[in-house]
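Student: So you can see what is in the structure, the chains are spelled out below.
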Amino acid sequence: MAKKKQIEVDLNSGWAYAPAPESKGHIKIKPQYNQFIGGKFVKPSNGKYFDTINPANSEKLSSIALGNAKDVDKAVRAARKAYSEVWSKLSGKERGKYIFRIARLIQERAREFSVIESLDGGKTIRESRDVDVPLAANHFFYYAGWADKLEYAFPNKRPTSLGVAGQIIPWNFPLLMAAWKIAPALAAGNTVVLKPAETTSLTALKLAELIKDSGLPDGVVNIVTGFGDTGAAIVNHPDVNKVAFTGSTGVGKIIQRAIAGTNKKCTLELGGKAANIIFEDASINQAVEGIVNGIYFNQGHVCCAGSRLFVQESVYEEVIRKLKDRMNTLIVGDPMDKNTDIGAINSKEQLDIINKYIKIGQQEGAEFYQPACKLPQKGNWCPPTLFTNVSQSSRITQEEIFGPVLAVQTFRTVDEVIAKANNTPYGLSAGIWTDKGAKIFNMTTKMRAGVVWANTYNKFDPTSPFGGYKESGFGREGGLHGLSAYLNLN
Amino acid sequence: MAKTVTKKNVKVLENINGVAKTNRLLVLKTYKIYIGGKFPRTESGRYYELKDSSGNLLANMCLSSRKDYRNAVVAARGASGPWAERAAFNRSQILYRIGEMLEGRRAQFVDELMQMGSSKLSAEQEVDLSIDRLIYYAGWCDKYTQIFSSINPVASAHFNFSVPEATGVVAAITSESTGLLGLVSIIAPVIAGGNSIIALASETHALCAISFAEVINSSDVPGGVVNIITGKEDELHKHMSTHMDVNSFIYAGSNAEHLKTIQVNAADNVKRILDYSKVEWNSEEGQSPYFISDHQETKTTWHPIENIGGSSSKY
Chain A
1 MAKKKQIEVD LNSGWAYAPA PESKGHIKIK PQYNQFIGGK FVKPSNGKYF DTINPANSEK
61 LSSIALGNAK DVDKAVRAAR KAYSEVWSKL SGKERGKYIF RIARLIQERA REFSVIESLD
121 GGKTIRESRD VDVPLAANHF FYYAGWADKL EYAFPNKRPT SLGVAGQIIP WNFPLLMAAW
181 KIAPALAAGN TVVLKPAETT SLTALKLAEL IKDSGLPDGV VNIVTGFGDT GAAIVNHPDV
241 NKVAFTGSTG VGKIIQRAIA GTNKKCTLEL GGKAANIIFE DASINQAVEG IVNGIYFNQG
301 HVCCAGSRLF VQESVYEEVI RKLKDRMNTL IVGDPMDKNT DIGAINSKEQ LDIINKYIKI
361 GQQEGAEFYQ PACKLPQKGN WCPPTLFTNV SQSSRITQEE IFGPVLAVQT FRTVDEVIAK
421 ANNTPYGLSA GIWTDKGAKI FNMTTKMRAG VVWANTYNKF DPTSPFGGYK ESGFGREGGL
481 HGLSAYLNLN
Chain B
1 MAKTVTKKNV KVLENINGVA KTNRLLVLKT YKIYIGGKFP RTESGRYYEL KDSSGNLLAN
61 MCLSSRKDYR NAVVAARGAS GPWAERAAFN RSQILYRIGE MLEGRRAQFV DELMQMGSSK
121 LSAEQEVDLS IDRLIYYAGW CDKYTQIFSS INPVASAHFN FSVPEATGVV AAITSESTGL
181 LGLVSIIAPV IAGGNSIIAL ASETHALCAI SFAEVINSSD VPGGVVNIIT GKEDELHKHM
241 STHMDVNSFI YAGSNAEHLK TIQVNAADNV KRILDYSKVE WNSEEGQSPY FISDHQETKT
301 TWHPIENIGG SSSKY
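Protein chains in written order, with the working numbering: chain A, 1 to 490; chain B, 1 to 315.
Treat the hints loosely; a few may be bogus.
[What the hints assert, rightly or not] Okay, derived cross-link-like pairs now, DSS-like style, lysine-lysine, Cα gap no bigger than 27 Å in a straight line: (1) K157(A) x K238(B); (2) K253(A) x K278(B); (3) K149(A) x K143(B); (4) K278(B) x K439(A); (5) K265(A) x K238(B); (6) K51(B) x K265(A); (7) K143(B) x K446(A).
To be clear, the hints were calculated from the coordinates, so they are not data collected in a lab.
Bound-form chain A, shown alone (with noise of 0.2 Å):
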């Protein structure tokens, strides 16, 4: 058979695209934000605070109360006082009906929420707009339900709720993690001290608002802002029934071994290096559309990212270049337009570090790809990366990189890529992409991840369980069985 003439798409031409700005000029951010405790919107104990910066063009969007143990304590106390004089005692049915409350009212302020998510975490508004505004919404309402339901959901045992929360969340999801962490604390009767990441306070505060609109009773949820030592306060309260975290692995840990010997509760959802893997069999076009969903959705910044690709040697090449081609339509830089794809990345530190896993994977030996593409001047930005020729033993196969950088690796036989695909101290999720039925459930209870997708990728819901296995954490969020992780089984 003759060789087939490699056809290569041209994008140098009709390919732009007109910019399509989300307009800002209905957004109110205040000059400076306070923390949220005991319903009041109260100054820092220290009297400091600190900037939240627009990554997309690194300039100050507003002020953020630097909160300490000492404002960690007075909002432990108001949560303990919410608990006992108020909200222990609500009937399921009431608990419940507030939280319908709060889902209506992002709901209503949606647009809003998005814009200021865009605005102060550098995902792009597309993204926040059909993803994580809708879905934190949609979080609140599937728990609401829940709060009047409780003794169905675990046979035999009657369940109670298990007094003051303390959460910690990240920087990639900042309202759709709230959202995760509160929902169902609220709806399993417990009250909330919650701790955005020092990078994205912005929509936790603003969320602050909109629960102080909804009515719900002072010091149900109360939300301190602060760096790492802030979040440490919290977790080692003793008045903390419960510590809730997502986060590094690295950071679990120090929690795991802050907590041992205490009774708290505790849930870890903690990084991940899933595998994606292409087989021969796959529709090669979705697939790769999977790939580009899996890595380079919200830059990267997921701990559940697609970031080992595995590819049947057979259709590598054909994979690869695909690939490519994708890669050169995607378009990096404001994250308000609409057309973006990438978005900017979330601070300066974690550009850092990705930064430093590019050059790792270089001095590894890999061989680096990356679009040409045109970058803002201002703000911090990456290139979707690609890195073929990698080694299993190669860093940036090991580590977390958490941004858009992608090793890709081969295979042949179907023992070589399950033993590949789990080797690896984390386990959050895994794809799978081929069109045989049978090998799909063979690849999918071989995964040793929490959370499996099968020609699709990335994909979250309120009703869906995630959560790891391994070095990721344990307990699960979403769905019935993230209930658990905020009630006593008796």
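Knowing the structure of chain A, use the given hints to seat chain B on it.
Tutor: Frame of chain A; chain B shown alone:
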């Protein structure tokens, strides 16, 4: 022979005196440990004396070392995948078989418990409850999946379901006071759920732990699924909890300091820690499918649903 050993200490006394009421010298068992389906002695060559309440020697038990434990983890890791992949029905039959084997050796276990200080009545109750508990979990093997699974009605066009899967390798420090029941109550739900286990037996009630290993060994349980070592919690709890190839850890002892150390060490590889120190194994609360789900991970699987042609299922 059964008659000669019904009286407490008789066996040992007879041996020491060299006189036997039955006019023959009893053949005494060397108690070993159980690793990977084999009965080695501890690689360390060390032993500790297990004595009855009058101070008479019952047996020289293996004082297992860190290396014994590490060997057991290797065996458990090798056995865990194939065991989890066995049909649930098959695991159910094997657990039932353990119950059958224990029933057949009921007298021996009653005798051993009595040698270690139990009254006849409480020894009989402990053995009976242990047998019944195995049958209880045999029945759960092919049922807990349905109890803990869900089909998740996601808002997008995907089929999405969550099922429990075995966590992997479980290490356990078992209850000190109930040598047989405490061991059975921990091992049974862990292996019913497709995990493998390394259990440190009660130090002072270790006789029936090793005899129970013999029961396991004759019950079609694949080698390495259950591993039982004897020794000192004080010495082993640190090593047991730092091992990086153990996924989950049960503490059913009574030392709060040990538990704290275990919890700190567990963070090295994010082990799941289950504190069973307050569980009353001889009550109803000592058995439940939640002891199985304690050592299960929830896996959620997504697959798209293609609505070809927009046809509906109505008819």
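Student: Look at each hint and say if it fits the structure.
Tutor: Structure-based check of all given hints:
no.	hint	result
1	K157(A) x K238(B)	violated (34 Å)
2	K253(A) x K278(B)	holds (26 Å)
3	K149(A) x K143(B)	holds (23 Å)
4	K278(B) x K439(A)	violated (45 Å)
5	K265(A) x K238(B)	holds (22 Å)
6	K51(B) x K265(A)	violated (40 Å)
7	K143(B) x K446(A)	holds (21 Å)
Checked against the numbered hints listed earlier, the structure breaks hints 1, 4, 6; every other hint is satisfied.
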